[in-house]
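Here's the letter readout for the chains.
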Amino acid sequence: MSGSLTVVGTGIKSIAHLTSEARIAISNSDKLLFLVADFLTQDWLRKANPTAEDLHCFYSDRKPREETYRDMSSHIMRFVREGKSVCAAFYGHPGVFAAPTHMAIKQAREEGFKAQMLPGISAEDCLFAELGIDPARTGCQSFETTDFLLYKRKFDPCCSLILWQVGVIGNFDYRDRGYDTSGIPTLVNHLKQFYPSDHEVTLFEAATYNVCESSVEKMALGGLSSARLTSSSTLYISPVRRLVSADRGMLDALRVPPEFVKMVKGESPTQNWPAKDR
Amino acid sequence: MPATKLSDFLLKLGEDPHTAQEFRAKPLETMTAAGLSDSEKHIILSGNAHRISQALRPGLTRGAGGGDTTVVVVVVVVV
Chain A
1 MSGSLTVVGT GIKSIAHLTS EARIAISNSD KLLFLVADFL TQDWLRKANP TAEDLHCFYS
61 DRKPREETYR DMSSHIMRFV REGKSVCAAF YGHPGVFAAP THMAIKQARE EGFKAQMLPG
121 ISAEDCLFAE LGIDPARTGC QSFETTDFLL YKRKFDPCCS LILWQVGVIG NFDYRDRGYD
181 TSGIPTLVNH LKQFYPSDHE VTLFEAATYN VCESSVEKMA LGGLSSARLT SSSTLYISPV
241 RRLVSADRGM LDALRVPPEF VKMVKGESPT QNWPAKDR
Chain B
1 MPATKLSDFL LKLGEDPHTA QEFRAKPLET MTAAGLSDSE KHIILSGNAH RISQALRPGL
61 TRGAGGGDTT VVVVVVVVV
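Chains as they are written, first to last, in this note's numbering: chain A, 1 to 278; chain B, 1 to 79.
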């Protein structure tokens with residue numbers, strides 16, 4: 001079979017986050033399909049590959065997102081079946097919060113076509129860099145906000161918590177003119193079962209252009225209900241700092257040397273291990 | 001296609017280290033040399049992503065941070 005599919009990420013900060021392998025895949029494909037968040041990247045993609053076609057046309061107001069993603073995936077597959085080497089470029093990381101890419105890759109492989117995904121820079125990567133968070137320090141849990149509430153996902157408040165799509169809480173369809181965020185008080189009330197009301201939370205929105213700063217807004221959990229949210233907002237909740245100690249049975253089983261065993265507030269005993277040993 | 005001078009300048013800032021360095025040191029001079037209008041200079045200096053998007057082309061919205069996906073609701077009814 002001659003058709004193939006390569007899915008790439010364009011990152012968050014327009015063209016600045018494009019990797020070398022993504023640029024090559026974009027330029028060398030017979031057909032380029034894209035879904036990006038800014039016009040600068042669109043412009044660059046159209047120049048890099050004249051076959052470029054925007055998948056944004058599959059969105060329409062109040063159309064269920066699940067249906068949109070199926071349409072996008074089917075459209076991508078149409079060109080793969082025609083025997084073309086297809087590149088699908090999605091903003092951020094193409095496998096993170098991007099359903100149509102996974103659908104298309106699965107479909108392509110099931111039909112016997114070669115399909116691969118190349119990683120990109122996600123909003124979470126930007127968050128780690130800009131808020132100075134190392135997920136290895138206490139562990140890090142990441143959920144889609146509506147999913148987090150609907151299924152009452154189990155999490156550990158002593159670990160970092162990231163809630164994606166907090167600005168589209170409770171919304172299942174696409175909205176041209178912004179989303180209803182009336183579900184935020186429900187989220188705050190749920191989180192108050194695990195965190196004090198004055199616990200610091202951060203609303204983060206990564207910069208889209210290289211002449212812009214990312215938006216970093218710190219506030220008390222209780223203040224989240226009145227915060228201004230956008231569809232690009234991500235909520236970071238720092239770990240609760242409380243006395244935790246490593247499990248004695250595990251320490252013995254792993255033969256952890258005593259000098260590495262510390263009782264620290266909300267931080268794992270491995271935090272002071274030499275990096276090369278991690 | 002977007003407003004070409006503004007778009008070209010921003011693309012160059014992202015690809016050409018020399019232009020990026022010049023812009024950091026002398027933003028106004030660099031934008032003037034690129035032929036940007038006063039209005040375009042103000043938009044860039046505002047650092048406001050929404051204003052820049054509007055100037056490049058109005059009307060685009062994006063999904064969530066870094067991606068956009070949906071949640072499938074599974075309801076199990078036990079009789």
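Please keep in mind that the hints were generated in silico from the structure rather than gathered at the bench.
Treat the numbers as computed from the prediction; the structure is a model and nothing was measured.
Any given hint might turn out to be false.
[Said to hold, decoys possible] Some, not all, of what chain A presents toward chain B, calculated at C-beta under 8 Å:
hint, residue
1, SER14
2, SER20
3, LEU40
4, ASP43
5, GLU82
6, GLY83
7, TYR195
8, PRO196
9, TYR209
10, VAL211
11, CYS212
12, GLU213
[Unchecked claim] Calculated pairs, DSS-like style, for lysine-lysine (alpha carbon to alpha carbon, straight line, at most 25 Å):
hint, chain 1, residue 1, chain 2, residue 2
13, B, LYS12, B, LYS26
14, B, LYS41, B, LYS12
15, A, LYS114, A, LYS84
16, A, LYS192, A, LYS218
17, B, LYS41, A, LYS47
18, A, LYS31, A, LYS47
19, A, LYS47, B, LYS5
20, A, LYS47, B, LYS12
21, A, LYS31, A, LYS106
Backbone N, C-alpha and C fix where the C-beta goes; we use that ideal spot for every residue, glycine too.
Against the structure, test the hints numbered earlier, and report the numbers of the ones violated in rising order. 2, 5, 6, 7, 8
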